[in-house]
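Listed below, chain by chain, are the residues.
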Amino acid sequence: GNSVTQMEGPVTLSEEAFLTINCTYTATGYPSLFWYVQYPGEGLQLLLKATKADDKGSNKGFEATYRKETTSFHLEKGSVQVSDSAVYFCALTFPGGGNKLTFGTGTQLKVEL
Amino acid sequence: SQTIHQWPATLVQPVGSPLSLECTVEGTSNPNLYWYRQAAGRGLQLLFYSVGIGQISSEVPQNLSASRPQDRQFILSSKKLLLSDSGFYLCAWATGMGEQYFGPGTRLTVT
Numbered sequence: 001g002n003s004v005t006q007m008e009g010p011v012t013l014s015e016e017a018f019l020t021i022n023c024t025y026t027a028t029g030y031p032s033l034f035w036y037v038q039y040p041g042e043g044l045q046l047l048l049k050a051t052k053a054d055d056k057g058s059n060k061g062f063e064a065t066y067r068k069e070t071t072s073f074h075l076e077k078g079s080v081q082v083s084d085s086a087v088y089f090c091a092l093t094f095p096g097g098g099n100k101l102t103f104g105t106g107t108q109l110k111v112e113l
Numbered sequence: 001s002q003t004i005h006q007w008p009a010t011l012v013q014p015v016g017s018p019l020s021l022e023c024t025v026e027g028t029s030n031p032n033l034y035w036y037r038q039a040a041g042r043g044l045q046l047l048f049y050s051v052g053i054g055q056i057s058s059e060v061p062q063n064l065s066a067s068r069p070q071d072r073q074f075i076l077s078s079k080k081l082l083l084s085d086s087g088f089y090l091c092a093w094a095t096g097m098g099e100q101y102f103g104p105g106t107r108l109t110v111t
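Just so you know, the sequences run in chain order B and U.
Under my numbering, the first residue of the first sequence carries the number 1, and numbering increases by one thereafter.
Under my numbering, the first residue of the second sequence carries the number 1, and numbering increases by one thereafter.
These are computed hints drawn from the structure, not numbers from a lab.
Given the structure is predicted, the values throughout are model-derived calculations rather than measurements.
Glycine residues also receive a C-beta, built at the ideal position from the N, C-alpha and C atoms.
Keep in mind that the hints are not guaranteed to be accurate.
[Unchecked claim] One side only, chain U facing chain B, incomplete, derived with CB under 7 Å: (1) Gly-43; (2) Leu-47; (3) Met-97; (4) Gln-100.
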């Protein structure tokens, strides 16, 4: 079956540090890939997406590139802020049918002053 | 634009009591709809999804049920709550391209 593996958290960084959250996937075929963010007490928000190999998704300074050869979709940001503190989920789906998402377990990011 | 609503936002219920959580979507037609549960500090567990009125697929056997009485309404129910039903319940809808958009969630505490 399909699966998504994320790095264990929490990840603690100082403000303005560089962020990488690793995500790798296992799937038959070429899924669409997503990053979601969840702020405390809230639902998930779609952060960015990529639908085919070598696509780069970007939003709010975050980027992730769909790497077919390494089955990865690592999330990066050049300079994090305290307001980026949240839980980040990597996910995949195959469009069509039930459009079910397969989620990773989430990575908590804490950004300190 | 599309919006998704959930209510109530928080709920405290005793063990053995019934449950009804509601989710409605505005601004789209015939969406796929989903119910997830998130236990404290854990990932998301897909409970049910629906591709149309009256069509419900269950992902996890449990004492919960779901119904879709209208195109943009999705209801999660239980006849008798268990302590293990406590958690954060999230409703979502999906576009044709597979991306899902989530509601604000309902925090359920079973005492």
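Quiz item: With a cut-off of 7 Å, does the beta carbon of Leu-47 of chain U approach a beta carbon of chain B closely enough for the hint to hold?
Solution: Since chain B brings no Cβ nearer than about 12 Å to Leu-47 of chain U, farther than 7 Å, the hint is violated.
Practice problem: With chain B as the partner, please determine if Gly-43 of chain U meets the hint condition of a C-beta pair closer than 7 Å. | Solution: holds (4 Å)
Self-check item: Satisfaction of the Gln-100 of chain U interface hint, Cβ to chain B closer than 7 Å
Solution: Result: holds, 6 Å to nearest chain B Cβ.
Quiz item: Can the hint on Met-97 of chain U be confirmed by a CB-to-CB distance to chain B that is less than 7 Å?
Solution: holds (5 Å)
Consistency with the previously given hints fails for number 2 only.
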